[in-house]
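Using UniProt numbering, read the sequence shown as starting at 1 and increasing by one per residue.
By construction, these hints were calculated from the structure, which means they are not laboratory data.
Do not rely on the hints blindly, as some may be mistaken.
[Unchecked claim] For each label pair, taking beta carbons as the anchor points, the in silico distance ranges come out as:
id: 1; residue 1: Q22; residue 2: E162; range: 43 to 51 Å
id: 2; residue 1: T3; residue 2: N124; range: 47 to 55 Å
id: 3; residue 1: E20; residue 2: T128; range: 42 to 50 Å
id: 4; residue 1: E5; residue 2: E86; range: 39 to 47 Å
id: 5; residue 1: G49; residue 2: E134; range: 14 to 22 Å
All of these numbers come straight from a predicted model, not from anything done at the bench.
Every residue gets a Cβ at the ideal spot worked out from N, C-alpha and C, and that includes glycine.
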Amino acid sequence: MSTPEELHDVRLHVNGSVHEVQVPARRLLSDALRHDCGLTGTHVGCEHGVCGACTVLVDGQPVRSCLMFAVSAVDAEITTVEGLTEPDGSLSPVQQGFSDCHGLQCGFCTPGFLTTITAGLRDNPDPTEDEAREMIAGNLCRCTGYQNIVRSVLRAAEIGFEARSAHTSTSDGGQQ
C-alpha cells in the first residue's frame, strides 16, 4: 500500500485573482490552471512543450505551462487566455484580429496563439509579415495553414496602433 502524495499549499496569481490550491509537487501548471483553478481555456496538446497550445504568460513572458510545475509559479503573475480581454470586457486587439481575419478553425490551438502573440506584439508592436511568421513559429496548428493567423497578427498590430493613436490624441486634448 502506497502512502498518499504530499500536497503543497500554493498561491497562484492568475488573471488578477488569487487562487489558493493544494497540489502535489509534480502537478504541472497547465493541470493546476485547468483542474484546480477551473480555467479551462489553457489547452494541453502534446504534453511535451512542442505544440504551444498550453502557452500562458508568466510575468509577461510566454511559457509552456505543460513544462512548468505549479509550485514554481508561486509569486508569479500568470495570464491565461481568459485574462486577455480588455478591462471593460471587450476583445483585446489580438482577439479582435483573430475575429476579423478568421484566424482560427477548430480553436484548440487558439489560446496558445493568443497569449504568444500578445507578448510578441508587446515586444514588437509593428511587425512585418516575416516577423509575424517568426512570432508564431513556436505554435502548431493543424487546421489553418497559418495564413489567416499571420493576417490576424498584422490586424492586431493595426488595432493596437489605432488604439494607441486614439489614446494619444485624447490625452493631449486632440493637439498634435
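Results of checking the hints against the structure:
At about 45 Å, the CB distance of Q22 to E162 agrees with the hint of 43 to 51 Å. The hinted range of 47 to 55 Å is satisfied by T3 and N124, whose Cβ atoms lie roughly 50 Å apart. Separation of E20 from T128 is about 44 Å and conforms to the stated range, judged on CB atoms against 42 to 50 Å. A C-beta distance of roughly 40 Å is found between E5 and E86, which places it inside the suggested range of 39 to 47 Å.
In this structure, G49 and E134 meet the distance hint of 14 to 22 Å, their C-beta atoms being roughly 19 Å apart.
Consistency note: the structure conflicts with none of the earlier hints.
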